[in-house]
Amino acid sequence: MDNRLRQIRRAKDITQEELAKAIGVTRQTIIAIEKGQCIPCKKQGGRT
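So in my numbering the end of the sequence shown lands on 48, straight run, no missing numbers.
Derived lysine to any residue pairs resembling SDA-like cross-links, with alpha carbons at most 25 angstroms apart:
{"no.": "1", "residue 1": "21", "residue 2": "37"}
{"no.": "2", "residue 1": "21", "residue 2": "4"}
{"no.": "3", "residue 1": "35", "residue 2": "3"}
{"no.": "4", "residue 1": "21", "residue 2": "10"}
{"no.": "5", "residue 1": "12", "residue 2": "39"}
{"no.": "6", "residue 1": "21", "residue 2": "35"}
{"no.": "7", "residue 1": "12", "residue 2": "27"}
{"no.": "8", "residue 1": "12", "residue 2": "22"}
{"no.": "9", "residue 1": "35", "residue 2": "24"}
{"no.": "10", "residue 1": "12", "residue 2": "37"}
{"no.": "11", "residue 1": "35", "residue 2": "15"}
{"no.": "12", "residue 1": "21", "residue 2": "34"}
{"no.": "13", "residue 1": "35", "residue 2": "19"}
{"no.": "14", "residue 1": "35", "residue 2": "16"}
{"no.": "15", "residue 1": "35", "residue 2": "22"}
{"no.": "16", "residue 1": "35", "residue 2": "23"}
{"no.": "17", "residue 1": "35", "residue 2": "14"}
{"no.": "18", "residue 1": "21", "residue 2": "39"}
{"no.": "19", "residue 1": "12", "residue 2": "26"}
{"no.": "20", "residue 1": "12", "residue 2": "24"}
{"no.": "21", "residue 1": "21", "residue 2": "40"}
{"no.": "22", "residue 1": "21", "residue 2": "8"}
{"no.": "23", "residue 1": "35", "residue 2": "9"}
{"no.": "24", "residue 1": "21", "residue 2": "3"}
{"no.": "25", "residue 1": "35", "residue 2": "8"}
{"no.": "26", "residue 1": "12", "residue 2": "25"}
{"no.": "27", "residue 1": "35", "residue 2": "10"}
{"no.": "28", "residue 1": "35", "residue 2": "11"}
{"no.": "29", "residue 1": "21", "residue 2": "7"}
{"no.": "30", "residue 1": "21", "residue 2": "9"}
{"no.": "31", "residue 1": "12", "residue 2": "31"}
{"no.": "32", "residue 1": "35", "residue 2": "6"}
{"no.": "33", "residue 1": "21", "residue 2": "31"}
{"no.": "34", "residue 1": "35", "residue 2": "18"}
{"no.": "35", "residue 1": "35", "residue 2": "4"}
{"no.": "36", "residue 1": "35", "residue 2": "5"}
In short, the hints are calculated from the structure, not lab data. No experiment lies behind these values; they were computed from the predicted model shown.
Please construct the entire structure, taking both the sequences and the accompanying hints into account.
Spelled out as structure tokens, the structure:
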């Protein structure tokens, strides 16, 4: 995702915690996605 999630989240002034709660994952998951350590699946709202 090339930190696109982070860019969008920051542009909308949303914290990692707020985003995590909104989509039903942990803050640690958001961190991993932003670092490229985790690729979200469809269940988490990812696209294939």
